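Protein chains: 2
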Amino acid sequence: MKKLYFLFTVSCFCINSIISQKSADDQYQVAFLIMDGVYNTELTAPFDIFQHTIFRDSIKSMNTFLIAKDMDIVTSFEGIRILPDYSYKKEYPKIDILVVPSAEHHLDTDLDDEEMIEFVRNTAKDAQYVTSHCDGAFVLAKAGLLDGHASTTFPSDIQKYKEMFPNLEVISDVLFVHDGKYITSAGGAKSFEASLYLAEVLYGKKIADRLAKGLVIDWNLDNVAHKVID
Amino acid sequence: MKKLYFLFTVSCFCINSIISQKSADDQYQVAFLIMDGVYNTELTAPFDIFQHTIFRDSIKSMNTFLIAKDMDIVTSFEGIRILPDYSYKKEYPKIDILVVPSAEHHLDTDLDDEEMIEFVRNTAKDAQYVTSHCDGAFVLAKAGLLDGHASTTFPSDIQKYKEMFPNLEVISDVLFVHDGKYITSAGGAKSFEASLYLAEVLYGKKIADRLAKGLVIDWNLDNVAHKVID
Chain A
1 MKKLYFLFTV
11 SCFCINSIIS
21 QKSADDQYQV
31 AFLIMDGVYN
41 TELTAPFDIF
51 QHTIFRDSIK
61 SMNTFLIAKD
71 MDIVTSFEGI
81 RILPDYSYKK
91 EYPKIDILVV
101 PSAEHHLDTD
111 LDDEEMIEFV
121 RNTAKDAQYV
131 TSHCDGAFVL
141 AKAGLLDGHA
151 STTFPSDIQK
161 YKEMFPNLEV
171 ISDVLFVHDG
181 KYITSAGGAK
191 SFEASLYLAE
201 VLYGKKIADR
211 LAKGLVIDWN
221 LDNVAHKVID
Chain B
231 MKKLYFLFTV
241 SCFCINSIIS
251 QKSADDQYQV
261 AFLIMDGVYN
271 TELTAPFDIF
281 QHTIFRDSIK
291 SMNTFLIAKD
301 MDIVTSFEGI
311 RILPDYSYKK
321 EYPKIDILVV
331 PSAEHHLDTD
341 LDDEEMIEFV
351 RNTAKDAQYV
361 TSHCDGAFVL
371 AKAGLLDGHA
381 STTFPSDIQK
391 YKEMFPNLEV
401 ISDVLFVHDG
411 KYITSAGGAK
421 SFEASLYLAE
431 VLYGKKIADR
441 LAKGLVIDWN
451 LDNVAHKVID
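From first to last, the protein sequence lines stand for chains A and B.
Residue 1 is where the first sequence starts when you use the numbering used here, and the numbers rise one by one after that.
Residue 231 is where the second sequence starts when you use the numbering used here, and the numbers rise one by one after that.
Keep in mind that the hints were calculated from the coordinates and are not lab data.
Hints should not be assumed to be uniformly reliable.
Cut-off 20 Å, straight-line C-alpha distance, at most; resulting in silico cross-link-like pairs (SDA-like, lysine to any residue) [stated by the list, open to error]:
| hint | chain 1 | residue 1 | chain 2 | residue 2 |
| --- | --- | --- | --- | --- |
| 1 | A | K213 | B | I388 |
| 2 | B | K443 | A | L83 |
| 3 | A | K206 | B | V404 |
| 4 | B | K443 | A | K60 |
| 5 | A | K213 | B | P385 |
| 6 | A | K213 | B | H456 |
| 7 | A | K213 | B | F307 |
| 8 | A | K60 | B | I401 |
| 9 | A | K213 | B | E344 |
| 10 | A | K213 | B | D287 |
| 11 | A | K213 | B | D403 |
| 12 | A | K94 | B | D403 |
| 13 | A | K206 | A | W219 |
| 14 | B | K443 | A | H226 |
| 15 | B | K411 | B | K443 |
| 16 | B | K320 | B | E344 |
| 17 | B | K299 | A | K206 |
| 18 | A | K213 | B | V404 |
| 19 | B | K290 | B | K320 |
| 20 | B | K436 | A | S156 |
| 21 | B | K443 | A | K206 |
Fair warning: this is a prediction, and the values are worked out from it, not measured in the lab.
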């Protein structure tokens, strides 16, 4: 009898595991590229909007994770020490959505990091969406991803962006631009808006509204200055 | 001649070090209380507003740091792994401003953590300000700090807050409440507003405006629903 009960318990446990564990295909794999000097808000705003999708039923939710060059501690611009989940020099999940939050040296030394730029370029090939926040657009531009696509960046860096990438179509005075698979955001606290927009594109307005409410945001795309290129 | 040049160089370096290094008294010491389940946004929004004060000249800026029970890795609610800067069981700076971001179990098991509650209660005695975001108010209330003070919490948890602490004066439909040394915020993305408010109280509107601009926030206290108890 004990043995039967044990088998029954184990079976239930296994069935529950199967039900509760989502396979890779059941979720979007969403990678956040971090490095020393990453800005907290530009990392956590999209991370939170996307991670909270796992609490919404009946959608293909997002598995969010941090990817860096190495597995060393990453220190944010503001001084918070963070552990990456994966190194892009080793094995990591196939990335459906790549998020490039801004970092302190996205206008200078980071752009000389060929290994990092190559990772972004290669990942973008098969990704469904690539998003940047604040100066993250400089990384996408350097990787050549924004050639032929409209984009935006941190308001105070628009001029520098135009000077560094004179061939790009740059849109100012908007919170984000969506062109093809690329969504570039002004960043800062407005990184929430760009992320809610992608949530609305993928899941519809009702889910986006719920995600917004969980973070005390009044969400209405009609009230957000943005540009979608058809 | 070489020796003289060396001495001159060393002297300049030392003088520069003295000028650039701020002593503990030159800065507000701002502790963020973290634990497993801490919500990213409620941690990073106030952290960023306060940490960015170091880039503003001629003010008593803020030295921001993370404090936890132990020095173990803290995993946020959304799954980001963070390293604390101090353990409150060991030595740490004298705290001028304590920030209690929300965490997953602030409505249940965290409130049974007597050591944590005692740390909050003791720190509040000598602190100039104690702020909470989202459900962080439950921790302040449990520590007895909000007795006789008006407060608020995460909108969806207002009812539970009133039930658990029936003697408190609870204000709903505002983004934050300031009463005495306590500032309690609705949390989520609105944690920026409560933090900008404290920046404006300490440094004036011009500095608060600059901090807001750095995070792409249109800041105007007049447009923010809040309550200040005189």
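Evaluated hints:
1. K213(A) x I388(B): holds (14 Å)
2. K443(B) x L83(A): violated (29 Å)
3. K206(A) x V404(B): Violated, because 24 Å separates the two Cα atoms, which is more than 20 Å.
4. K443(B) x K60(A): It is violated: about 35 Å lies between the C-alpha atoms, which goes past 20 Å.
5. K213(A) x P385(B): holds (9 Å)
6. K213(A) x H456(B): This hinted pair holds, its Cα atoms lying about 18 Å apart.
7. K213(A) x F307(B): Answer holds: K213(A) to F307(B) is near 17 Å, not above 20 Å.
8. K60(A) x I401(B): Violated - the C-alpha atoms of I401(B) and K60(A) are around 38 Å apart, more than 20 Å.
9. K213(A) x E344(B): Measuring from Cα to Cα gives roughly 32 Å; hence the hint is violated.
10. K213(A) x D287(B): Outside the cut-off at roughly 37 Å; violated.
11. K213(A) x D403(B): It holds: about 14 Å lies between the C-alpha atoms, which stays within 20 Å.
12. K94(A) x D403(B): violated (43 Å)
13. K206(A) x W219(A): Answer holds: K206(A) to W219(A) is near 10 Å, not above 20 Å.
14. K443(B) x H226(A): holds (18 Å)
15. K411(B) x K443(B): Not OK: K411(B) and K443(B) at ~26 Å, beyond 20 Å, violated.
16. K320(B) x E344(B): Cα-Cα ~17 Å, so holds.
17. K299(B) x K206(A): violated (39 Å)
18. K213(A) x V404(B): holds (15 Å)
19. K290(B) x K320(B): violated (26 Å)
20. K436(B) x S156(A): holds (18 Å)
21. K443(B) x K206(A): violated (30 Å)
Hints 2, 3, 4, 8, 9, 10, 12, 15, 17, 19 and 21, counting from the list given before, are not met by this structure.
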